[in-house]
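*Asks:* With the hints as constraints, model all of the structure from the sequences given.
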Amino acid sequence: MSDATSTLPPGAENISRGGFNLHAGPIYRLPDDGAVRCFALPVLDKHLNGGGNVHGGLLMTFADISMSQTARAVTAAPGCNTVSMTCDFVGPGRAGETLECRVRITRQTRTLVFLSADITAGGRAVAVATGLWKIV
Amino acid sequence: MSAPPGFTQTRLIDPFEIHVGPVFERGEKGAKVLGFRVDKRHVNMRGIVHGGMLMTFADAAMGQAAWDACDHADVVTLNMQSQFLAPAREGDWIEVAPVLTRRTKSLIFLRGDFTVNGVPIFSVSSVWKILGVD
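Protein chains in written order, with numbering that gives the first Met the number 0: chain A, 0 to 135; chain B, 0 to 133.
Careful: at least some of the hints might be erroneous.
[To be verified] Restricting the straight-line Cα-Cα distance to at most 27 Å, the calculated cross-link-like pairs of lysine-lysine (BS3-like) are:
1) Lys104(B) to Lys128(B)
2) Lys45(A) to Lys39(B)
3) Lys39(B) to Lys104(B)
4) Lys28(B) to Lys128(B)
5) Lys128(B) to Lys39(B)
6) Lys39(B) to Lys133(A)
7) Lys45(A) to Lys128(B)
8) Lys128(B) to Lys31(B)
[To be verified] If you want the ones that stay clear, here's a sample from chain B, every Cβ over 10 Å from chain A, calculated:
9) Gly5
10) Glu16
11) Glu24
12) Arg25
13) Gly26
14) Gly29
15) Lys31
16) Asp70
17) His71
18) Thr100
19) Ser105
20) Val118
[Unchecked claim] Covered stretches of chain B, going by a simulated chain A footprint (3 or more residues, C-beta under 8 Å):
21) 34-47
22) 108-117
Simulated from the structure, these hints should not be mistaken for lab results. All C-beta atoms in this analysis are idealised placements derived from N, C-alpha and C, irrespective of residue type, glycine included.
*Replies:* Have a look at this one:
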């Protein structure tokens, strides 16, 4: 496989600093698209399932990290914990592709943030997730 | 760190599961308990097990149960709902006994409560598709 990072758009910033975030990543933050916060994950061989498609666990990890990062950024809170997350697996993603995650804020209250995330590969829908974060 | 007595290592096929594993199991087909030991690869910067790791382990564990529920046909995850109940930390042993809620001709419904020392920390319900069946 060629250097996966070469498929990243200009302005991509690596946000995987350690722990599982780095072990499962790396994940990149892309420039915002208006109110939508954008993230990217170049698919490596380690991210696949036995069928050669992106593993569901990796897709949920990518959605969780993207939405958690967004929750923390918009609240400026010391921390935001994932309370619940739902993910629909819509279509396959493959090695060599770059997954993109677009995160929208549905609602923010004093203690909670409601978010949604669309994950695509080359414009194809791969996964759709929604989740709830507690501001701590 | 190893698994509790009675567990043997699960044979994993998916590269991403091998990357985050090992995973262990005990019990018979259809009534298995699966578990993993949290290590430094699995935690966030605060030392708490990462939600992505819990969901990945859930996908692996429910996947084993789905596979057992359809005589090892090919299955894919259609949907997973996850609830994060309490933190788990490095060194903790996390285990789940997947429950088959229902199986139709083409779909499998599975749920599971994940515990550390008997205390629920994470809960999922999931829907699986048996490939090649309408």
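*Asks:* Confirm or reject each hint.
*Replies:* Right, here's what the structure says about each hint:
1. Lys104(B) to Lys128(B): At roughly 9 Å apart (the allowed maximum being 27 Å), lysine 128(B) and lysine 104(B) satisfy the hint.
2. Lys45(A) to Lys39(B): holds, 18 Å
3. Lys39(B) to Lys104(B): Cα-Cα ~41 Å, so violated.
4. Lys28(B) to Lys128(B): Holds: lysine 28(B) and lysine 128(B) sit about 19 Å apart, inside 27 Å.
5. Lys128(B) to Lys39(B): Since the Cα atoms of lysine 128(B) and lysine 39(B) sit roughly 33 Å apart, the hinted pair is violated (cutoff 27 Å).
6. Lys39(B) to Lys133(A): Holds. Lysine 39(B) to lysine 133(A) sits at ~24 Å (cutoff 27 Å).
7. Lys45(A) to Lys128(B): Holds. Lysine 45(A) to lysine 128(B) sits at ~24 Å (cutoff 27 Å).
8. Lys128(B) to Lys31(B): Holds, at roughly 20 Å.
9. Gly5: holds, 25 Å
10. Glu16: Answer for glutamate 16(B): violated, closest chain A Cβ roughly 7 Å.
11. Glu24: holds, 17 Å
12. Arg25: The claim stands: arginine 25(B) keeps its Cβ more than 10 Å from every Cβ of chain A (closest is about 22 Å).
13. Gly26: Glycine 26(B) is indeed farther than 10 Å from all Cβ atoms of chain A, at 22 Å.
14. Gly29: holds, 21 Å
15. Lys31: holds, 18 Å
16. Asp70: The assertion about aspartate 70(B) holds, with a minimum of 17 Å to chain A.
17. His71: Non-interface label stands for histidine 71(B): nearest chain A Cβ at 12 Å, farther than 10 Å.
18. Thr100: holds, 16 Å
19. Ser105: holds, 15 Å
20. Val118: The claim holds: valine 118(B) sits with its nearest Cβ about 17 Å from chain A, beyond 10 Å.
21. 34-47: With 7 residues closer than 8 Å to chain A, the region 34-47 of chain B meets the three-residue bar; holds.
22. 108-117: violated (count 0)
Of the numbered hints stated above, those contradicted by the structure are hints 3, 5, 10, 22, listed in ascending order.
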